[in-house]
Structure formats: C-alpha cells, structure tokens
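Novice: Now for the letters of each chain:
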Amino acid sequence: MRVKLSVSRWILAAVLVAFLVLSPSDTVAAETKFQARLVWGTDEMKPENPNLKEIDAKTKEKLKAVFKWKNYFEVETQTVVVGPNELKKVKMSSKCEIEIQELGKDGFEVKLFGEGKLTKKVKQVFPTGDCLVLAGDDKNSNAWLVMLCPLQK
Amino acid sequence: MRSLLNKMNTDQILKLQAYLDNEVSSGEARRIANWLSRDAEALQLFQELKEIKAAMAENELTVSVPESRDFYWSKIQRGIESAPVARPTVAPWWFRIGLPFAAALATLAVLMSVTTFDLPSLRLRSAVYEIDGSGSDDGSITFHSQSEGMTVVWIPSGQY
Numbered sequence: 001m002r003v004k005l006s007v008s009r010w011i012l013a014a015v016l017v018a019f020l021v022l023s024p025s026d027t028v029a030a031e032t033k034f035q036a037r038l039v040w041g042t043d044e045m046k047p048e049n050p051n052l053k054e055i056d057a058k059t060k061e062k063l064k065a066v067f068k069w070k071n072y073f074e075v076e077t078q079t080v081v082v083g084p085n086e087l088k089k090v091k092m093s094s095k096c097e098i099e100i101q102e103l104g105k106d107g108f109e110v111k112l113f114g115e116g117k118l119t120k121k122v123k124q125v126f127p128t129g130d131c132l133v134l135a136g137d138d139k140n141s142n143a144w145l146v147m148l149c150p151l152q153k
Numbered sequence: 001m002r003s004l005l006n007k008m009n010t011d012q013i014l015k016l017q018a019y020l021d022n023e024v025s026s027g028e029a030r031r032i033a034n035w036l037s038r039d040a041e042a043l044q045l046f047q048e049l050k051e052i053k054a055a056m057a058e059n060e061l062t063v064s065v066p067e068s069r070d071f072y073w074s075k076i077q078r079g080i081e082s083a084p085v086a087r088p089t090v091a092p093w094w095f096r097i098g099l100p101f102a103a104a105l106a107t108l109a110v111l112m113s114v115t116t117f118d119l120p121s122l123r124l125r126s127a128v129y130e131i132d133g134s135g136s137d138d139g140s141i142t143f144h145s146q147s148e149g150m151t152v153v154w155i156p157s158g159q160y
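Quick note, the sequences are listed as chains A and B, same order.
If you read the first sequence in my numbering, its first letter stands for residue 1, the second for the next number, and so on.
If you read the second sequence in my numbering, its first letter stands for residue 1, the second for the next number, and so on.
Where hints are given, some of them may not hold.
[What the hints assert, rightly or not] If we take Cβ atoms under 10 Å as the criterion, some of the chain A residues that face chain B in the derived model are:
{"id": "1", "residue": "G114"}
{"id": "2", "residue": "V122"}
{"id": "3", "residue": "G129"}
No lab work stands behind these hints: they were computed from the structure.
Backbone N, C-alpha and C fix where the C-beta goes; we use that ideal spot for every residue, glycine too.
Could you put together the complete structure from these sequences and hints?
Specialist: Set out below in structure tokens:
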C-alpha cells in the first residue's frame, strides 16, 4: 500500500508540473516588436520600379518553399511595437494598411485594409519565430504579400 | 564354358538365358527348343547355365532379422510417425498488420513530401501533416507551414 501511494504522488506531481509549464501565462504581456513587410512576388527577374529591392535570401527561400513565384521584392518595411492591449496602425503603401491589436493571452488581431476597406481580419497567436503572411493575387500573375514577423528581443 | 561362350554371339547367349528363366514367348520357346535339339554346343551351354543357376539358388545366403517381421516394420512405422513435422511459421498478428500499414504510411509520407498540388495561385510543398488548411466564408484559405514557420492567409481576387 505504501508503494502505491508514493507512485500516485509522483504521478500527480508530474501532472501538476506539466500543467504549470504548459498553461498560458496570466501575467501581463510585454511589448511585442514586429517587422511588417509588403512584398511583391513575381517571376520577372527585374522589376520596373527601381525602388524595389530583392528580399533577403533566407526569407526568399521560405517564401519559395510555399509560393510558386521565383522572385520576391520588398516594397516597404516597417518596425512596429505593440504593447499590452494596444492598437497600432501601419501604412504599408498608398493602398495597403494593417492594424495590429494586442489581445493578451488570445494573441493578436490583425486587420488588413485595401484601399481603405477592411479586407481580412485574422486572430493569431505568434509562436516563436513564426510569421503571419497575408497574400493575394496581383495583376500580371504576380502576388502581393504582407509579412508580419515578431522580432526577437 | 568359356570356349562355348566365345563361339556364340551375344544374342544367342541372351536367348538361352531368357529361355532358362522362362522369359520368352511360347513361339520363341519352341524355336529355341528346336535349336537346342539340333545344336549340341548350344545344348551344352544351356545345361551349364542351368547348373549355375541351380547352384546359386540353392546356396544363396539367408539373412536373418534378429526380431520378428511385425516388430521390425512397426519400428520403422514409429520412426516415421515420430519425425518432427515442419510447421509453417506465422508472424505475430501485430507484425502482419503493422508492416503493411507502416509501409503504406512511409510511402504516403514520401509521396506527400515531393508532391505539389495547386490551390489558386499557390504551390504548396509542405507535407500534408503540416497543413492545417481551412476555408472561410469569404473564400480565403488559411494554412500553416510548420517547416517554414509561417501561417498563410490567402485572400482570393475580388476580396480586395
């Protein structure tokens, strides 16, 4: 009987530790720094707009692994810091704007506006290093992508 | 006898032996009997062969079995019955079910890792287990790529 009690005690302890480790924290969320990028995906080798620069190789490989286009050019890059319960607006271009609302343990709500009109609303909890990519078709079989990546502190 | 054998051809000698052993037809036996009545040397050879045959039959060594016939053959029968029977080996049930299932899973994993399939304007290279694709009412498609560490929301044309 003594042996049984000690085993169940260990099991209970393990379950409690696992619960504490895995459960989301109730503490107040710290600020989160994001990199927001507007990217143009295309099979063209060189864009007509000279202001566009090719995206970094690491990001390019990630995008090529998911999307079909061969080349990706950065249209706009901005860094945004979102505090607890804070709403931040980021203008990516004359036609594209995003809003990031911190929701505490529920993560973030990201809204995409196209020409002033709400296009898409997404709730996202950002696992470490993971990015949120909102994308769609552009003219001439190209694509636009809005990449929102949390930056490491 | 040697001189007699030298005078006759092989065929004649064989016929005499067959006649001696009653292994010829009745017609052939009559012809041989006529031949023996006319050929003294053939008759002499026949007689010598007959004596040799009798001597061998009479002086054949007898082999005695130290036990009775029934006991001897029953021992052989028991030996045959007690010999181990080769039984076919059957693999355990989990092996028989698990191996084909595992092979099918492995094949599927290989195929999915190199398979591309098309969603509108997308080519996804991630394995199927990475994709938690879901459609929404507005037609957008959301999926997560574990390997590339990104959640993609594809917004179809006309939505923006």
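Novice: Run the structure past the numbered hints and jot down the numbers of the failing ones, going up.
Specialist: Of the numbered hints, all hold.
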